[in-house]
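A.B. asks: Listed below are the residues making up each chain.
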Amino acid sequence: MRAEPLELAVLEPERFTRADWEELFREATRGLDPWALDLTALLGRFREFLAKTPVELRVPGRMVFASSVLLRMKSERMDGATTLAEAVAAVLAAEEAAARAEPEPLPALRLPLRRRPRARLTLADLRRAFLAVQGRPPKPKEKPKATLPVEEEPFSLRAARLLQRLLRLVNGSRFVPFSRLVPADDPGEKVARFLELLHLDGQGQVRLHQPEFLGEILVEVPHGP
Amino acid sequence: MDPKALVEAALFVADRPLAPAELAQGLGLPEHAVLRALAALAEDLEGDERGLELGQEGGGYVLRVKAELAERVRAFAPHQDLAEPVLRTLAVIAARAPVSQAEVVRIRGQRAYAHIKELVARGFVRAEDQGPTKVLTVTEDLLRYFGVASLEELRRALEVPSSEGQSVAG
Chain D
1 MRAEPLELAV LEPERFTRAD WEELFREATR GLDPWALDLT ALLGRFREFL AKTPVELRVP
61 GRMVFASSVL LRMKSERMDG ATTLAEAVAA VLAAEEAAAR AEPEPLPALR LPLRRRPRAR
121 LTLADLRRAF LAVQGRPPKP KEKPKATLPV EEEPFSLRAA RLLQRLLRLV NGSRFVPFSR
181 LVPADDPGEK VARFLELLHL DGQGQVRLHQ PEFLGEILVE VPHGP
Chain S
226 MDPKALVEAA LFVADRPLAP AELAQGLGLP EHAVLRALAA LAEDLEGDER GLELGQEGGG
286 YVLRVKAELA ERVRAFAPHQ DLAEPVLRTL AVIAARAPVS QAEVVRIRGQ RAYAHIKELV
346 ARGFVRAEDQ GPTKVLTVTE DLLRYFGVAS LEELRRALEV PSSEGQSVAG
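Chains as they are written, first to last, in the working numbering: chain D, 1 to 225; chain S, 226 to 395.
Just so you know, the hints here were simulated from the structure itself, not pulled from any lab data. From the three backbone atoms N, C-alpha and C, an ideal C-beta is built for every residue, glycine too. Hints may be right or wrong, so weigh each one.
Interface residues of chain D toward chain S, partial, derived using beta-carbon atoms under 7 Å [to be verified]: (1) 117; (2) 121; (3) 122.
Computed far set for chain S versus chain D, every beta-carbon distance over 12 Å [as the list claims (entries may be wrong)]: (4) 245; (5) 258; (6) 261; (7) 339.
Chain D with its partners taken away, still in its complex shape:
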């Protein structure tokens, strides 16, 4: 048989403060360790209580909604705010004030000072280091860095002299290989002559050709004899 829904008067708040509820709690927890409640036993006792007492726990949704509206109205009245918008504004204002407030000074963080341990050396360490040095051949002397020859003569004069030399070398053909102008084993001399040739090329006195990639440079003397 289905039980009838409870009347509103049954749910009055005062009922929950009555002594019989306290008695119910005492009865339900009697003999249990308050620091380690046996939930299974507690649940069993509560189910026994429900079985003995006919209670209808189903509540219509409309009733819940009406109760929530009443509760909100009551809380607004108690808070002194007349409308919900004012209550919301009051809450927001309180939050802003809290955000603006100076934070509480935190205690200074003090880290302990610790020493980075460094092992004290022993004679065995010194001997190991000595043997390591002995086992290694002396370091070779560093090779002196190659430097470009410093020529006292003005660059334009050297370029003019190179042009005269080219004119002397031109014989029938107007092309002179670059390798004929410099000794093969002197990179500094090669660089110096090449810079002079670039200067002459810029002036239109010679033209430089390199038919093959990284191959011989041919110096053309267009105004040769």
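Once you have looked at the hints, place chain S on chain D.
C.D. replies: Below, chain S without anything else, positioned relative to chain D:
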């Protein structure tokens, strides 16, 4: 605050020898109080029940593990007191002292100049000008550090022939 406690704490955290004047300035103590504290600390640490000693290096004071315990506690100290290249330069100087700086540089390379500078700062090596170069000798502080009585003993430990010369700077 007890000056001895302050001096002990400063020496514990420092990674280099601290001179009494530097301790006095850093701790805000008169220098005579620092000297008294150092003497009391050295006395405290003398007993066999203590693992540390107050050492003198390069005009300053250091707290260090006693030489006879160094090997036993090595596993707890991941870093060596002197970097390996510096230690090798020190080994060359110890084996050949007195030796010219040029000779050490010839053996150890150009970085030996920096190594020698560090060793002089630590008070392990003394460098004296001699013409265009310097002559390097080991100091009493170095002998005390390795727990040997003489350079001869140090060289025996390195298995260096004794004919290579001997000189110790105070």
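A.B. asks: Could you run down the list of hints and mark each one as holding or not?
C.D. replies: Tested hints:
1. Taking 7 Å as the C-beta cut-off, the interface hint given for residue 117(D) holds, the closest approach to chain S being about 4 Å.
2. Evaluation of the residue 121(D) hint against chain S yields a held restraint, the C-beta minimum of about 5 Å falling below 7 Å.
3. Given hint, residue 122(D) at the interface with chain S, holds; its Cβ is 5 Å from that chain's nearest Cβ, closer than 7 Å.
4. In this structure residue 245(S) is separated from chain D by more than 12 Å, as the shortest Cβ-Cβ distance comes to about 20 Å.
5. Residue placement check: residue 258(S) keeps its beta carbon more than 12 Å from all beta carbons of chain D (closest about 22 Å).
6. With 12 Å as the threshold on Cβ separation, the claim that residue 261(S) sits away from chain D holds: the shortest Cβ distance comes to roughly 24 Å.
7. Even its closest Cβ contact with chain D, about 15 Å, leaves residue 339(S) beyond 12 Å, as expected for a residue assigned away from the interface.
Of the numbered hints stated above, none is contradicted by the structure.
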